[in-house]
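Colleague: Using the hints, position chain B against chain A.
Next come the chains, spelled out residue by residue.
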Amino acid sequence: MKAVILAGGKGERLFPETEFKPKPMVEIGGKPILWHIMKIYSVYSINEFIICVGYKGYIIKEYFANYFLHNSDLTVDLKNNTITYHSSKAESWKITIVDTGENTQTGGRLKRVAKYLKNENIFCFTYGDCLADVNIEEEIRFHKLSGKKVTALATRHPARYAEWRIFEDKIEIVSAPQEEFGWFCGGFFVVSSEVLDYIEGDETDWNYVLGKLNQENQLSAYKHKGFWYSLETLKDKNYLDSLWFSGKAPWKVW
Amino acid sequence: MKAVILAGGKGTRLMEETVVKPKPMVEIGGKPILWHIMKIYSVYGINEFIICVGYKGYMIKEYFANYFLHNSDLTVDLKNNSITYHSSKAEPWKITIVDTGENTQTGGRLKRVAKYLKNENIFCFTYGDGLTDANIAEEIKFHKTHGKLATILAVQPPGRFGALKIEGESVIDFIEKPPGDGGWINGGFFVLSTKVLDLIEGDDTPWEAEPLKKLAEMGELVAFKHTEFWHPMDTLRDKLYLEKLWASGKAPWKVWKD
Chain A
1 MKAVILAGGK GERLFPETEF KPKPMVEIGG KPILWHIMKI YSVYSINEFI
51 ICVGYKGYII KEYFANYFLH NSDLTVDLKN NTITYHSSKA ESWKITIVDT
101 GENTQTGGRL KRVAKYLKNE NIFCFTYGDC LADVNIEEEI RFHKLSGKKV
151 TALATRHPAR YAEWRIFEDK IEIVSAPQEE FGWFCGGFFV VSSEVLDYIE
201 GDETDWNYVL GKLNQENQLS AYKHKGFWYS LETLKDKNYL DSLWFSGKAP
251 WKVW
Chain B
1001 MKAVILAGGK GTRLMEETVV KPKPMVEIGG KPILWHIMKI YSVYGINEFI
1051 ICVGYKGYMI KEYFANYFLH NSDLTVDLKN NSITYHSSKA EPWKITIVDT
1101 GENTQTGGRL KRVAKYLKNE NIFCFTYGDG LTDANIAEEI KFHKTHGKLA
1151 TILAVQPPGR FGALKIEGES VIDFIEKPPG DGGWINGGFF VLSTKVLDLI
1201 EGDDTPWEAE PLKKLAEMGE LVAFKHTEFW HPMDTLRDKL YLEKLWASGK
1251 APWKVWKD
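Protein chains in written order, with the numbering used here: chain A, 1 to 254; chain B, 1001 to 1258.
Incorrect hints may have been included.
No farther apart than 30 angstroms at their CA atoms in a straight line, the calculated lysine-lysine pairs in the DSS-like style are these [as the list claims (entries may be wrong)]:
#1 B:Lys1257 - B:Lys1002
#2 B:Lys1079 - A:Lys21
#3 B:Lys1031 - A:Lys94
#4 B:Lys1056 - A:Lys79
#5 A:Lys21 - B:Lys1010
#6 B:Lys1031 - A:Lys56
#7 A:Lys79 - B:Lys1079
#8 B:Lys1002 - A:Lys10
#9 B:Lys1021 - A:Lys10
#10 A:Lys115 - B:Lys1079
#11 B:Lys1094 - B:Lys1195
#12 A:Lys56 - B:Lys1254
Looking from chain A toward chain B, a few residues come up when the C-beta cut is under 7 angstroms (computed) [as the list claims (entries may be wrong)]:
#13 Glu91
#14 Lys94
#15 Asp99
Pairwise CB distance ranges (calculated) [what the hints assert, rightly or not]:
#16 B:Trp1184 - A:Lys235: 56 to 62 angstroms
#17 A:Glu120 - B:Lys1031: 28 to 34 angstroms
#18 A:Ser242 - B:Gly1030: 35 to 41 angstroms
#19 B:Leu1236 - A:Ser45: 45 to 51 angstroms
#20 A:Ile173 - B:Ser1087: 52 to 58 angstroms
#21 A:Ser242 - B:Lys1115: 22 to 28 angstroms
#22 B:Gly1030 - A:Ala90: 30 to 36 angstroms
#23 B:Gly1030 - A:Phe142: 38 to 44 angstroms
#24 B:Glu1243 - A:Tyr208: 27 to 33 angstroms
#25 A:Met1 - B:Tyr1116: 37 to 43 angstroms
#26 B:Glu1138 - A:Ala90: 53 to 59 angstroms
#27 A:His70 - B:Lys1061: 15 to 21 angstroms
#28 A:Asn119 - B:Met1059: 37 to 43 angstroms
#29 B:Ser1087 - A:Ile166: 57 to 63 angstroms
Hint data in this document are derived by calculation from the structure and do not stem from the laboratory.
Cβ atoms here follow ideal geometry from the backbone N, Cα and C, with glycine treated the same way.
Isolated chain A (complex conformation):
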């Protein structure tokens, strides 16, 4: 199965991290968040990726084209102009990188890679800035059983702020109030390929497509109560970094 990952947005809220790189290349623990997402899929044997790039897409192409240069120790022999890589931490990934335009909307980007999904009945689809400890295999099974066209990961709001419950005589500070909120869409979709026909063109927002599918009762939610987090601001990057370096990053299922 293939996974399509959106990696074309500007990520302006993460400035200055995104001045020279697109948001999915912002690093958590020294690796792009995009790499972390791919590692999650890889645990569930999904090793074929289609990356929709746009803003500063070359940085993403360059990273994967020179993957060993980025990730291995090496010896350069200038006499013969040869390079020997020492630790080849090879992933068994096949990564197709497609320029889907600078200003294309999320649905439009998916439509633009349709030709690489021709032989697929279902595929995975997600944003290049969300991490979760979701069991993708279970979600795919759930999708198949649901008989609907799209399954979305339904997640709780991550606890970004402590909640203050204010009473007459005291304040109760609740540090992880997430269960108080409802469900929302956390990416990590499983999509049946006929959904591509719902997308009109470059201007189509994926959320619009989801709304339309919902009207037709073709949208199902796979509830996920575990870890989910999106990289929006520098504060998020620092938080995810700290989780990673603590050695207890919940999304590190590999």
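Modeller: Here is chain B on its own, set in the frame of chain A:
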């Protein structure tokens, strides 16, 4: 025929963009302005380029060395460490990139690539920051007809400031984009005989100083007058203006087909 393009300058007036890249790599519609200039030449069958680099020259080398990586969709197979390019928008270009020094003057840069022009009688020469819709084939024909050593594209740049028409103390008219004041300026896009290389002393010689003056004195410099589109990219304002033209789909210098 070969075209020599100057791409070594610092472009300090475009500070916002050129901190990280040399000026000819500043992009219009997602492609370096240098690429646009080469596309113009290519329309007239000129596909061999000599790029004189200096400031941040590695970025220019890297761009052309990895041209497909920059311009095509691709699949990387990490298992075999192989890359497949999908749409190969190949140009029939042969591009020689020569380090002509960090602080060399324009004439000096041209002199430094002389060895790549050994077998040429005439060649094209231009700056890495100016765009035009001038017909280069016509210019070359013109050059061959007059038989002199150098042809220069003479242009009348558009005024940069709104012009006031004043009578007494009253402003009687305001012109937003006034045409130039009628003066002709150096628009680059030269056609040159290789003999002009002998007029350049060394690294410190600006092309616009002794060599061009000498040629004019000798009666060997001829103007190919061009009254249509010509625009330099000197400031961020120019870049935004050119970007706007490109996005409109009516960029006058886009004389090539997709």
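Colleague: Decide, hint by hint, whether the structure agrees.
Modeller: Against the structure, the hints come out as follows:
A C-alpha spacing of about 21 angstroms is found between Lys1257 of chain B and Lys1002 of chain B, which places the hinted pair at or below 30 angstroms, so the restraint holds. Distance check on the hinted pair: Lys1079 of chain B and Lys21 of chain A sit about 26 angstroms apart at the alpha-carbon level, within 30 angstroms; holds. At roughly 28 angstroms between alpha-carbon atoms, Lys1031 of chain B and Lys94 of chain A fall within 30 angstroms of each other, so this suggested pair holds. A hinted pair counts as satisfied when its Cα atoms are at most 30 angstroms apart, and Lys1056 of chain B with Lys79 of chain A qualifies at roughly 25 angstroms.
With a C-alpha separation of about 23 angstroms, the suggested pair Lys21 of chain A and Lys1010 of chain B falls inside the 30 angstroms cut-off, and the hint holds. At most 30 angstroms may separate the alpha-carbon atoms for a hinted pair to count; Lys1031 of chain B and Lys56 of chain A meet this at roughly 12 angstroms. With a C-alpha separation of about 28 angstroms, the suggested pair Lys79 of chain A and Lys1079 of chain B falls inside the 30 angstroms cut-off, and the hint holds. For the given pair, Lys1002 of chain B sits about 39 angstroms from Lys10 of chain A by alpha-carbon distance, which is inconsistent with the 30 angstroms threshold.
With a CA separation close to 20 angstroms, the supplied pair Lys1021 of chain B and Lys10 of chain A stays within the 30 angstroms bound. Distance hint between Lys115 of chain A and Lys1079 of chain B is fulfilled; the C-alpha atoms sit about 23 angstroms from each other, no more than 30 angstroms. Annotation: proposed proximity of Lys1094 of chain B to Lys1195 of chain B holds, straight-line Cα distance about 24 angstroms (limit 30 angstroms). Distance hint between Lys56 of chain A and Lys1254 of chain B is fulfilled; the C-alpha atoms sit about 24 angstroms from each other, no more than 30 angstroms.
Proximity of Glu91 of chain A to chain B holds as hinted, the smallest CB-CB distance being about 5 angstroms (cut-off 7 angstroms). A least Cβ separation of about 5 angstroms between Lys94 of chain A and chain B falls short of the 7 angstroms threshold, and the interface hint therefore holds. Annotation: interface hint on Asp99 of chain A holds; nearest CB of chain B at approximately 6 angstroms, less than 7 angstroms. Taking 56 to 62 angstroms as the suggested C-beta distance range, the pair Trp1184 of chain B and Lys235 of chain A conforms, at roughly 58 angstroms.
Between Glu120 of chain A and Lys1031 of chain B the beta carbons are some 33 angstroms apart, a value that agrees with the proposed interval 28 to 34 angstroms. Hint check: Ser242 of chain A to Gly1030 of chain B, Cβ distance near 37 angstroms, so the stated range 35 to 41 angstroms holds. With their beta carbons about 49 angstroms apart, Leu1236 of chain B and Ser45 of chain A fall inside the hinted range of 45 to 51 angstroms. Our hint of 52 to 58 angstroms for Ile173 of chain A and Ser1087 of chain B holds, since their Cβ atoms are close to 56 angstroms apart.
A beta carbon spacing of about 57 angstroms between Ser242 of chain A and Lys1115 of chain B contradicts the range 22 to 28 angstroms that was offered as a hint. Distance hint for Gly1030 of chain B and Ala90 of chain A: a CB-CB separation of about 32 angstroms, consistent with the stated range 30 to 36 angstroms. Under the hint 38 to 44 angstroms, the C-beta atoms of Gly1030 of chain B and Phe142 of chain A, about 41 angstroms apart, fit the expected range. Separated by about 29 angstroms at the C-beta atoms, Glu1243 of chain B and Tyr208 of chain A satisfy the suggested range of 27 to 33 angstroms.
The hinted range of 37 to 43 angstroms is not satisfied by Met1 of chain A and Tyr1116 of chain B, whose Cβ atoms lie roughly 52 angstroms apart. With their beta carbons about 56 angstroms apart, Glu1138 of chain B and Ala90 of chain A fall inside the hinted range of 53 to 59 angstroms. A hinted range of 15 to 21 angstroms for the beta carbons of His70 of chain A and Lys1061 of chain B is consistent with their spacing of about 20 angstroms. Taking the beta carbon of each, Asn119 of chain A and Met1059 of chain B are about 39 angstroms apart, inside 37 to 43 angstroms as hinted.
Checked against the given bound of 57 to 63 angstroms, the beta carbons of Ser1087 of chain B and Ile166 of chain A, roughly 60 angstroms apart, stay inside it.
Against the hints set out earlier in the document, violations occur for numbers 8, 21 and 25.
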